[in-house]
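Okay, here's what each chain looks like letter by letter:
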Amino acid sequence: MGVTGGSALKQGLYKLIFYIVCILIAVVMFLPFYWSLLTSLKPDDEIFAMPIQWFPKHLTFEHYRKAFSTVPFALFFWNSLVLAVSGVLANLFFGSLSGYAFAKLRFRLNKPVFRVLLAAMMIPGIVTMIPTVYVMRHIPFAGGNDIFGGGGNGLMNSFWGIILPGASGSFAVFFMRQFFLTLPSDMLEMARIEGCGEFKIFWRIYLPLTRPALATLSIFTFQAGWNSFLWPMIVLNDPDKATIQMGLQAFSYNFQTDYGPMMAGALVAILPILVLFLALQRYFVQGIAFSGIKG
Amino acid sequence: MASMRKVERHEARTAYVFITPTVLLFAVFTVIPVVMALYLSFTNYDVLSRNDWVGLENYRRLIDDSLLWKTFKNVFLYSIIFVPLNIIISLLLSMLLSRAWRGVKLFRTFYYLPTLTSAVAAATVWIWLLHPEFGLVNGLLSYVGITGPAWLSETSTAMLSIVMLTLWQSVGSNMIIYLAGLQGVPDYLYESARLDGANKWASFRYITWPQLRPTTFLVSTMAIIGALQLFDQAFVLTQGGPANVTKTPVYLIYQQGFNQLQMGYASAQAFVLAVAILIFSLINMRVSKAEESII
Chain B
1 MGVTGGSALK QGLYKLIFYI VCILIAVVMF LPFYWSLLTS LKPDDEIFAM
51 PIQWFPKHLT FEHYRKAFST VPFALFFWNS LVLAVSGVLA NLFFGSLSGY
101 AFAKLRFRLN KPVFRVLLAA MMIPGIVTMI PTVYVMRHIP FAGGNDIFGG
151 GGNGLMNSFW GIILPGASGS FAVFFMRQFF LTLPSDMLEM ARIEGCGEFK
201 IFWRIYLPLT RPALATLSIF TFQAGWNSFL WPMIVLNDPD KATIQMGLQA
251 FSYNFQTDYG PMMAGALVAI LPILVLFLAL QRYFVQGIAF SGIKG
Chain H
1 MASMRKVERH EARTAYVFIT PTVLLFAVFT VIPVVMALYL SFTNYDVLSR
51 NDWVGLENYR RLIDDSLLWK TFKNVFLYSI IFVPLNIIIS LLLSMLLSRA
101 WRGVKLFRTF YYLPTLTSAV AAATVWIWLL HPEFGLVNGL LSYVGITGPA
151 WLSETSTAML SIVMLTLWQS VGSNMIIYLA GLQGVPDYLY ESARLDGANK
201 WASFRYITWP QLRPTTFLVS TMAIIGALQL FDQAFVLTQG GPANVTKTPV
251 YLIYQQGFNQ LQMGYASAQA FVLAVAILIF SLINMRVSKA EESII
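Going down the list, the protein sequences come from chains B and H.
Per full-length UniProt numbering, residue 1 is the first one in the first sequence, and the count goes up by one each step.
Per full-length UniProt numbering, residue 1 is the first one in the second sequence, and the count goes up by one each step.
Careful: at least some of the hints might be erroneous.
Said to hold, decoys possible - Below 27 Å or equal to it, Euclidean Cα-Cα: the simulated DSSO-like pairs (lysine-lysine) are:
(1) H:Lys6 / B:Lys200
(2) B:Lys10 / H:Lys6
(3) H:Lys200 / H:Lys289
(4) B:Lys111 / H:Lys6
(5) B:Lys66 / B:Lys200
(6) H:Lys105 / H:Lys200
(7) B:Lys200 / B:Lys111
(8) B:Lys15 / H:Lys105
(9) B:Lys15 / H:Lys200
(10) H:Lys289 / B:Lys10
As the list claims (entries may be wrong) - Listed next, the stretches of chain B that the computed footprint assigns to chain H, with coverage defined by at least 3 CB atoms under 8 Å from CB atoms of chain H:
(11) 71–84
(12) 89–103
(13) 256–268
Keep in mind that the hints were calculated from the coordinates and are not lab data.
These figures come from a predicted structure and were not determined experimentally.
Every residue gets a Cβ at the ideal spot worked out from N, C-alpha and C, and that includes glycine.
My request is simple: use the sequences and hints to build the entire structure.
Below, the structure written as structure tokens:
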């Protein structure tokens with residue numbers, strides 16, 4: 001009796017310590033969110049008060065109003081949304097189209113081309129950054145260019161310069177291929193015997209079966225597009241085309257002591273991903289685990 | 001027989017049509033830039049007027065470029081602190097949360113939340129978090145009687161601030177990757193170890209750690225590639241300062257290429273960085289391999 005009682009006590013103590021540690025870490029991870037939310041809702045005199053006021057006496061939306069009125073935050077938000085959603089749609093379509101081809105169709109260059117795409121994922125982004133700008137400027141017929149790609153700005157300072165380079169990412173192709181591999185091939189043979197066209201087989205039969213993978217891929221692509229900073233900053237010069245990340249950076253640089261509106265802006269920039277995450281949580285976790293194991 | 005071959009040809013033709021958009025985009029935005037990357041580093045390309053071959057001039061110049069080597073020193077320092085801490089913390093978190101107790105899923109969600117934030121938004125929040133007088137970190141430190149430093153404006157703590165910020169942002173997703181890796185470790189290994197009288201540390205050292213080696217290799221490779229290309233956080237949080245202690249190679253390449261339009265020279269710098277990334281990835285691979293033979 002004494003032994004089991006002792007081990008039950010030990011077990012209980014062990015659990016208690018476990019939960020205390022977990023909660024402490026959760027607090028550390030979550031505090032920056034709470035802190036920025038708190039700051040964005042406090043009036044200025046409470047922001048600059050010591051000791052820290054953990055629960056504001058007055059709530060105000062003044063900082064949000066200020067953030068949106070001093071810079072065109074709503075426009076930046078919209079620009080980022082357009083870019084991120086276009087990136088998602090392009091990657092879903094092109095990624096699954098070629099992922100399907102690599103997984104389900106036999107052709108001589110299947111393995112070699114796929115290997116090259118995969119190997120290219122290892123190339124650090126910095127290597128291609130400057131030459132890609134060169135290529136962008138010299139795309140024929142784009143942005144006032146002539147047939148030889150001279151004379152104009154090409155795709156620079158245009159949304160296409162952000163959408164096109166990432167429109168069919170190697171990750172999307174790889175990810176979709178792995179998923180198509182898990183689907184049986186006999187449906188393909190059957191549909192062919194029935195006289196179904198190749199694109200229709202892909203679009204009507206196989207694509208609907210990949211819905212979970214498409215959900216995961218859209219989340220990742222959206223997050224990458226929404227959060228990207230350096231490349232949009234290089235491509236887009238026109239202030240009206242700036243993304244929310246660029247707008248936020250400029251704001252925090254120009255209004256260095258205006259912490260209320262700064263936090264309001266940062267939270268607005270985080271919000272879409274947060275909402276997406278809370279709505280589609282299981283796809284997030286599946287996706288990382290998947291890319292981790294198979295990557 | 002003839003009809004078989006016809007079907008195969010038809011299938012191959014379909015496949016080539018399906019992968020055409022991906023291959024075309026890949027050729028224009030990856031293959032051409034990679035080939036051009038080296039070429040541009042031998043020119044004095046400046047976007048506007050010049051694009052002449054200058055031979056080894058850029059490389060000769062960067063040997064004496066003390067700022068460039070300082071930025072390299074900075075990211076090496078950053079990587080040496082960041083990469084091991086990143087691995088240790090995410091592994092510890094995953095081992096903490098690998099049990100099926102109540103609330104574990106909720107903790108995982110909390111630890112994962114910071115990885116959703118964009119670098120710009122997170123850095124914006126941390127500027128305020130690390131405010132010397134009214135920031136959260138120094139506020140908390142003052143509860144225990146410590147006067148915190150001016151984190152972002154002192155040369156000794158600026159890089160440490162970036163380490164803290166990037167750790168906060170990255171341990172959550174690596175934790176998920178490790179959790180997936182832990183699921184792949186067969187239970188019977190632990191059971192037979194227990195029968196052999198192995199303690200907790202021994203079963204970690206001789207089962208968990210070696211079994212997770214592929215996962216650690218993946219996590220560390222990605223961390224190294226990312227760390228050596230640090231930019232967003234350094235650009236927003238500290239703007240490379242104070243006294244250039246947080247200026248990184250990508251930051252310098254960005255300034256050289258896009259502010260001063262010395263793209264040829266910036267390409268040479270980018271090439272050197274790419275070689276450094278390659279070397280460190282190879283060293284990492286060697287270390288992972290070496291560990292195999294010991295165990």
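Against the structure, the hints:
At most 27 Å may separate the alpha-carbon atoms for a hinted pair to count; H:Lys6 and B:Lys200 meet this at roughly 19 Å. The suggested pairing of B:Lys10 with H:Lys6 is violated, with an alpha-carbon distance near 72 Å, which exceeds 27 Å. Proposed proximity of H:Lys200 and H:Lys289 is supported: the alpha carbons are some 25 Å apart, at most 27 Å. Among the hinted pairs, B:Lys111 with H:Lys6 is consistent with the structure: their alpha-carbon atoms are about 21 Å apart, no more than 27 Å.
Distance restraint check for B:Lys66 and B:Lys200: the Cα-Cα separation of roughly 52 Å exceeds the 27 Å cut-off, and the hinted pair is therefore not satisfied. As the CA atoms of H:Lys105 and H:Lys200 are separated by approximately 24 Å, the hinted pair is consistent with the 27 Å bound. With a C-alpha separation of about 24 Å, the suggested pairing of B:Lys200 with B:Lys111 holds against the 27 Å cut-off. A threshold of 27 Å between alpha carbons decides the hint, and for B:Lys15 with H:Lys105 the separation of about 16 Å falls inside it, so the pair holds.
Between B:Lys15 and H:Lys200 the CA atoms are separated by roughly 17 Å; this keeps the pair inside 27 Å, and the hint holds. Proposed proximity of H:Lys289 and B:Lys10 is contradicted: the alpha carbons are some 40 Å apart, above 27 Å. With 0 residues having a Cβ less than 8 Å from any Cβ of chain H, the region 71–84 of chain B misses the three-residue criterion, and the hint is violated. Proximity of the region 89–103 of chain B to chain H, defined as three or more residues with a beta carbon under 8 Å from a beta carbon of that chain, is established by the 7 residues found.
With 6 residues having a beta carbon nearer than 8 Å to a beta carbon of chain H, the region 256–268 of chain B meets the requirement of three or more and the stated coverage holds.
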